[in-house]
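Based on the sequences and whatever the hints tell you, model everything.
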Amino acid sequence: MEPAVRHQPPGDALPGGGGRGPESWTHNKIQKRVLCAVIRVSAGTARVLGLNNIKCEVPPTTAYLLLGEKCLRGCSFCSRSRDSSSPADLLSRVTWPLFPAKIVIESIDQAYLRGDLGRVCLQVVHHREARAQARRALKMITCSSGIPVSVCCTAGSIQHIQEWFESGAQRFGLALDAAAGKIFYKVKGGGWEKQLALIYEAAHRWAGKVSTHIIVGLGETDREVTALLQDMAQRKVRVGLFAFTPVKGTRMQLHKPPPLLRYRRIQAVYHLIDRYGADIDSFSFDREGYLLSPGLTGEKLEEILADGEAFRTGGCPMCNRPFYNERPDGEIYNYPRRLSPAEAADALHLLTDTGAGLPQ
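With our numbering as the guide, the letters of the sequence shown map in order to residues 1 to 360.
One thing to keep in mind: the hints can contain errors.
[Said to hold, decoys possible] 30 Å max Cα-Cα, derived DSSO-like pairs, lysine-lysine: (1) 236 - 186; (2) 194 - 182; (3) 194 - 256; (4) 70 - 209; (5) 248 - 55; (6) 209 - 182; (7) 209 - 194; (8) 186 - 256; (9) 194 - 70; (10) 186 - 209; (11) 236 - 194; (12) 70 - 55; (13) 182 - 248; (14) 70 - 182; (15) 139 - 209; (16) 236 - 182; (17) 182 - 256; (18) 186 - 248; (19) 236 - 209; (20) 139 - 236; (21) 70 - 186; (22) 139 - 194; (23) 70 - 256; (24) 248 - 70; (25) 55 - 256; (26) 139 - 70.
The hints are simulated quantities; they were obtained by calculation from the structure and are not laboratory data.
Because the structure is a prediction, the values reported are computed rather than measured.
Structure (structure tokens):
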């Protein structure tokens, strides 16, 4: 269970005002349980909420909340995995300090009203207590604010997903992570077909409100990830594209991230598929599944990619995940903001440089 906050603030500091006695702190059991809890918030989110004073190169436009501690699953790349020895406050390369849930939820509403945030993302580990905590938090957020909420969580059935929507979620994310069945089995365990089937059914029932995550660099080929990206786009499933990030304490801590060039190629391919309706049959691959050509002339490709939008963070609306895969002073895989003309030109040059990027 979540640790209790020992000293509650006076009642008139709670949402909606009220007196100073315990009877005024809550109107129902859900609120009472949430107010007595703490919740993990990404360090950047905490900065936007005014809960810390860290330097923040680019503020998040979504409030990222982490529900639960250790996950019962054993994903090889994840710091929350049951097999991981990573610090308790780490997910990917982001730290997630604890704060009183009441203060977090109140601050989210204020940030939303200011225009600093446009969404909340509840990232829920695979654990019964984490799901219960997330449901309480979701109800509290939707009762106190109009901010849209995405839930990223495991699900055993379509009924589980339906419960999240009925509880107030605006979007639901079911992470595939791996781009092919054989990779899924290797890094996450069984269940690839079931996971895909759930995404398909959810996308049919809640068209345009389902998301997934795909990590580039787990051992998949260009053809495999391209095929999956097209499959998701055709079903109107939004994809949050990640570059694999090695995290100390995980089983894949020594695995290298993908070369930036390869990641740029995959970003470009997804942009062509998602925004311009490109088809995998128009692309050329070698026998090993390596992308040879996107099926466009160099001039047309440069015209499409010149604004740099292909290289920005993707996923749910308003999600920018600042520096989730990288350090601010290192190579940027997903830009959390608009690219400068120089940055867009550099990304395009990397792709179109003869012999290195997308052949023309």
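- Satisfaction of hint between residue 194 and residue 209, Cα-Cα up to 30 Å: It holds: about 19 Å lies between the C-alpha atoms, which stays within 30 Å.
- Message: Given the hinted pair residue 139 and residue 194, is their Cα-Cα distance within 30 Å?
- Response: holds, 28 Å
- Message: Hint check: residue 248 vs residue 70, CA-CA at most 30 Å. Holds or violated?
- Response: holds, 16 Å
- Query: Taking only the CA atoms, is the gap from residue 55 to residue 256 under or equal to 30 Å?
  - Reply: holds, 28 Å
- Item | 30 Å limit on alpha-carbon distance, applied to hinted pair residue 70 and residue 186 | holds, 20 Å
- Message: Next pair to validate is residue 182 with residue 256; report whether the Cα-Cα distance is within 30 Å.
- Response: Holds, at roughly 19 Å.
- Verify the proposed pairing of residue 194 with residue 256, using a straight-line Cα cut of 30 Å. holds, 29 Å
- Message: Just to be careful, I want the Cα atoms of residue 70 and residue 256 compared with a cutoff of 30 Å; is the pair within it?
- Response: holds, 24 Å
- When you check the alpha-carbon spacing of residue 209 and residue 182, does it fall within 30 Å? Distance ~27 Å between residue 209 and residue 182 Cα, so the pair holds.
- Item | Pair hint residue 236 and residue 182, alpha-carbon separation not exceeding 30 Å | holds, 24 Å
- Does the alpha-carbon distance linking residue 70 and residue 182 stay inside the 30 Å limit? Roughly 25 Å between the alpha carbons, so the hint for residue 70 and residue 182 holds.
- Given the hint that residue 186 pairs with residue 209, does the C-alpha gap stay at or below 30 Å? Given pair residue 186, residue 209 holds - Cα atoms ~29 Å apart, limit 30 Å.
Of the numbered hints listed earlier, not one is contradicted by the structure.
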